[in-house]
Amino acid sequence: MDFDFSDDQEQLRDAVRKWVDRGYDFERRRAAVKAGGFDRKTYGELAELGLTGLYVPEDHGGMGMGPVEGMVVMEELGRGIVLEPLAQALIAGAVINGYAPDAVKSEWLPKIASGEGLVVLAYQERKARYRLDVCEATAMQAGGSWKVSGTKSIVAAGDQADAYLVPAKANGKLALFLVAKGAGVSANGYTTMDGGRAAEVKFQDAAATLVTQDGLAALEHAVDVGIAATCAEGVGAIDKTMQLTAEYMNTRKQFGVTIASFQALRHRMADMKMQQELARSMSYYASLKLNAPAEERRRALARAKYQLGVAMRFIGQASVQLHGGIGVTDEYVGSHYFKKLTQLELTFGDTLHHLGEVSSRMQDTAGVFA
Amino acid sequence: MDFDFSDDQEQLRDAVRKWVDRGYDFERRRAAVKAGGFDRKTYGELAELGLTGLYVPEDHGGMGMGPVEGMVVMEELGRGIVLEPLAQALIAGAVINGYAPDAVKSEWLPKIASGEGLVVLAYQERKARYRLDVCEATAMQAGGSWKVSGTKSIVAAGDQADAYLVPAKANGKLALFLVAKGAGVSANGYTTMDGGRAAEVKFQDAAATLVTQDGLAALEHAVDVGIAATCAEGVGAIDKTMQLTAEYMNTRKQFGVTIASFQALRHRMADMKMQQELARSMSYYASLKLNAPAEERRRALARAKYQLGVAMRFIGQASVQLHGGIGVTDEYVGSHYFKKLTQLELTFGDTLHHLGEVSSRMQDTAGVFA
Amino acid sequence: MDLAFTPEEQKFRQDIRAWVRENLPKEISDKVHNSLHLTREDMQRWAKILGKKGWLGYGWPKEFGGPGWNAVQKHLFEEELALAGAPRIVPFGPVMVAPVIMAFGNAEQQKRFLPGIASGEVWWSQGYSEPGSGSDLASLKTRAERKGDKYIVNGQKTWTTLGQYGDWMFNLVRTSTEGKPQTGISFLLLDMKSKGVTVRPIIMLDGGHEVNEVFFDNVEVPAENLIGEENKGWTYAKHLLSHERTNIADVNRAKRELERLKRIAKAENVYDDQRFRDEIAKLEVDIVALEMLVLRVLSAEKSGKNALDIAGLLKIKGSEIQQRYTELMMLAGGPYSVPFIKEAMAAGWQGDFPGGALGLAPLAATYFNMRKTTIYGGSNEVQRNIIAQTVLG
Amino acid sequence: MDLAFTPEEQKFRQDIRAWVRENLPKEISDKVHNSLHLTREDMQRWAKILGKKGWLGYGWPKEFGGPGWNAVQKHLFEEELALAGAPRIVPFGPVMVAPVIMAFGNAEQQKRFLPGIASGEVWWSQGYSEPGSGSDLASLKTRAERKGDKYIVNGQKTWTTLGQYGDWMFNLVRTSTEGKPQTGISFLLLDMKSKGVTVRPIIMLDGGHEVNEVFFDNVEVPAENLIGEENKGWTYAKHLLSHERTNIADVNRAKRELERLKRIAKAENVYDDQRFRDEIAKLEVDIVALEMLVLRVLSAEKSGKNALDIAGLLKIKGSEIQQRYTELMMLAGGPYSVPFIKEAMAAGWQGDFPGGALGLAPLAATYFNMRKTTIYGGSNEVQRNIIAQTVLG
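Chains as they are written, first to last, in the working numbering: chain A, 1 to 370; chain B, 371 to 740; chain C, 741 to 1133; chain D, 1134 to 1526.
Where hints are given, some of them may not hold.
Claimed, not checked - Here are a few chain A residues that sit away from chain B, every Cβ distance over 12 Å (derived from the structure):
| no. | residue |
| --- | --- |
| 1 | A31 |
| 2 | G98 |
| 3 | Q243 |
| 4 | S261 |
What the hints assert, rightly or not - Part of the chain D face toward chain A, derived, beta carbon under 8 Å:
| no. | residue |
| --- | --- |
| 5 | L1136 |
| 6 | N1518 |
| 7 | V1524 |
Stated by the list, open to error - Quick list of in silico lysine-lysine cross-link-like pairs, DSS-like style, CA-CA up to 27 Å:
| no. | chain 1 | residue 1 | chain 2 | residue 2 |
| --- | --- | --- | --- | --- |
| 8 | B | K623 | D | K1313 |
| 9 | C | K1082 | A | K41 |
| 10 | A | K127 | C | K1082 |
Calculated directly from the structure, the hints in this document are not laboratory data.
Note that the Cβ used here is the ideal one computed from N, Cα and C, for glycine as well.
Okay, chain A solo, but in the shape it has when bound:
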């Protein structure tokens, strides 16, 4: 039982933080939003830092690191509300490395690590809501090769991606495929509420490579990697939101005094601090359970995402309120943190959804280790 970061982990954090502070200021971000919400150059810089290959083994050109390192990195990206979807690289690295045949690994893992290949999870369907077992996309085998057909929504940077991890029903059972951009793949991109980019991606008899027949297990694992990343990203965004709010409260004057002197607002801030620390605790928990057996992992990740959902909404809304008018303007950076926190709540299952997951997965025993 030890929650200290190693020196290596602290160095990783410093490196990412430095890049965010120096290389990813609010104006650069604003320009990226205007330009459509995704910047391949920025993504390339993340790759140069080694981040896209964080979960890619060293012999495939990556850093071969684990969930705690992933958490550290995502916290820092969250702190900078970085638009480029690094979580997708973590998912792709973990899933391909964990489930794919060697040929797929050899072809794609180095590209993911180098940033040359942007591989994203394309799983959301219109009828599924947040369920993972609802899937209408299909895969057919013809002459030894697979073809995938179906439509996937809200695919992160989906019109910029080089390949997709696509769950589809093969012979009635959910399998997971890798589909490279090409014939039979069309993507319709748009901006998302946080200023980032996503796309509706249509697959029409698109050539596909089988990642695993055990698609549901792989998809659940992929989403859990995504949840842990989202939790950490949320913690980073929360930390910065808290900092902005405290600074504002100590600057802004009303009735001749700073608003930080009003007890009712101070107590609100205390409640926010509570949510902040609960969120951080549960983000640790999520990452530390990411390599646990599936049933235990799913239970833990649901608990974490539920807590994060509560915290992100509470802190986001309270921060806007404490800022007053300035908090609802586009010009002020704080409103962008609020939108990021809102989107993270809706990502990989919202709060009510995960309450349901926690509720249905409850056991007789209680606590962190249960």
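Using the hints, position chains B, C and D against chain A.
Structure of chains B, C and D alone, referenced to chain A:
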């Protein structure tokens, strides 16, 4: 659309309030709790004021009044946290008058009005929780007369009552009976959390009179009368709780100033005031819908009890907290209001139960008149 | 005590309803029912339709050309408009400045300004808030110096809602720095086309242009545009704030939006999900309770007995409900609330929305936009201060 | 970073568990597992069993006869005791006064008082709160006047938990009225059998006798019972308060009670009612999050890196969780939580409980009793003041 009370209603309120202020002080109440939680003499005084016959028609010796008068009276009794269960007289008056054959009316309504006959609803069963359609008690007809068998729990003043309104299954269908104290009826009395009295009542082939074959409709109506009374009682208890809390906050000093000067506590009080006025509004709504058609009535009463449940719990708990240590002592009257509010939440269906009722009864339209 | 409206009141409602059905353009109500972007033309078109009927100033007394309705009638009118999907009446002219002109303006001012307001021809803006003033309105700094028969105005206003369309603006300006901050304030009407007036948009977090900064650089305002007496403006402003009572709760719109929320929840297959449905049920109780609160206030106003001074409660509960239904709509959309396509938030977009769920397009933006409701019009924290004062002294 | 305890720590846990299984009397743990009334004898019996093993002072360093455990070991010990259904260790002797005597008492005092505390023979009470002092402890008024080799104590303490059983009492008393209120306070040990000491019960809202008022009427206390220096008592008291860190959250008991809540919910047929079950699920997340928070604090203490000073958060969340599980247990009982039969709240009652639901008998009383947890030990409002200070300055 008019929410003013008539002069007669105001006079009724004054009369009850005077009795509470002069005749029912905290010491008398404390003595009644010690003596077991019910005092027939006090009940007699309520009868003398005409209150037990509020819903009994004038030609049966009652006052022939309606839900608004019932609300006014229950508010005042709630303000005084009067132990004696007048709500039971309102239920008995309304149900017998509304559903019973003339012979039953002629025999029992005058007694209810005079206070000579304490008739209480005995409906709660162990397996029913808050559902009204779950009933294991049975009724058998033999030689033109009915016999009821079964056990009913938490019957208000059940060991002091002269007769019971008892739902029981007759030929598989829920019917409502009147069972007078006598052979085959045994009651085991005890105190309740608010200091009042209830009993476990066992019926063993007890002679019964049929009130109505349409037992579920009558029981639902009875419970709705009870809900409206409980809402009004809750409003009275809330009003007094608010008054006590405001007085305490303006008296108690900490760090050299009254605690009423702390903004965080002031805002808590504002939130309590919100709940108080929402509660009063929904208590009005409950009483004003009590004579509506069954489906509309049930929907409205569920909404009201849900809101009251939220308000009673919030204000009760917040009041204790704002009082600090003194608030959790038996000596201080405020703690008895808290216990009363707690019990009222559990009476005739708690907050989660009524949330379920509201949820399942929702319609496409919205608002007070829907 | 009676919950039902009187037969006369119900007849009144029916008449309003029939007229609205006839006169509210469907292309406008469709936008309102779907939270789509309303243009200036939409708003002004509807204002003029009401103006022609004599109902834009629906709260005005008869002597000024209004219908002379009582509180209940005004409520029923507001409710019928809201349920039918009419745009909210832009309040700055008919609801805010007009009562001040009626109460404190001179006959000349009344004759000059009221007709344009009543007809919907002249668009008014409000000049109260300033950078830094916030909840402490009396700290305002915009100066108006009397020079002969003119005032020279310098300073800045902010959060000027729809000020980009404004013809005229009513302003609180500082004409004296002596005494308490409240005492040196005057109420001035200002032609926004005057030289030295600059309107700069403030883009909100939802991307919309709804509010503005307005700068005054030596703007000349004829002294005849002063309402009432110099340095008495604070009194007039408070009069204005004490107007607008029950509509602050916006319960009628909440009822309409609750019905819409149920439709969205059905379409998204969460209406029968108990977990989500319970959240709607809680909101339904909130709205019924708020409506009862509003009706109690109306009844008290009608009878004059037992005045119920709970505007703060109405503001808090009303704004929380607004935020909650927009939040639940967004949550009902689930992942499909994430796409944020500006063009899809205006009527008539022909693009492909993800999953074909076009109705969800404006939900997140509406949720973001509604965060303002607990901040403006006296933040909910200020309202709690006021309420606590009534309970605790 | 690692979530698992080390093999050594797990071995430590197993040893504690085995010992507790052997030594905790079942008739006592049955009472704890069912919230039944614990007598003085129950509490003292268990204290003496721990004392004999040398574990009553489980936080003590070795030089004073304690086991010398680190923060994690103490936590594991507390957890094993809690999960097994051991009564909470009455803290006034071993946890509260003993560390003060060790740190600030002289050798004579240590020799005289510590053995009786360690063995569980001597029952200590706390004399801090006074009528009117509340969260403003430094305002205390009980006077101690030095007369020769004695102090003459006059005044009153209140909320003295289990003071009716007390042999000795440690008191904060005023020895000077000069300077700030904090500077004139001394720390005095007082034999409760002294002449002039009167203990008067305070009955709580649940009907229980748990706290007392203690009156001092010219009580003579030998000057040798003064801890440390006169007028320095506030410093010692603060040292005491800074002890007791993670256990303030009481997360181990919460885990035990969550499991019990699930059992009650199953027995009452609401565990499979999604609406009720969701409430348990929320509590489960709360408890896991709190446990993670506690573990983070322990880890920080163990490594000495990144000190985590969040006692206020632990107090608030821990107390809110305590109140919530007692509330949910009561709600699970539904109507059968309404009967309030005192005798049924003690072990061995032979009467008929309504519906035969005897296990529900103490639930409402426990719920009522737990309202104190957000008030005592620094009210949650005071904790919020402190937390806000750390965030906002």
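Okay, the hints, checked on the actual structure:
no.: 1; hint: A31; verdict: holds, 42 Å
no.: 2; hint: G98; verdict: holds, 42 Å
no.: 3; hint: Q243; verdict: holds, 23 Å
no.: 4; hint: S261; verdict: violated, 10 Å
no.: 5; hint: L1136; verdict: holds, 4 Å
no.: 6; hint: N1518; verdict: holds, 7 Å
no.: 7; hint: V1524; verdict: holds, 5 Å
no.: 8; hint: B:K623 <-> D:K1313; verdict: holds, 18 Å
no.: 9; hint: C:K1082 <-> A:K41; verdict: holds, 25 Å
no.: 10; hint: A:K127 <-> C:K1082; verdict: holds, 24 Å
Checked against the numbered hints given earlier, this structure breaks only hint 4.
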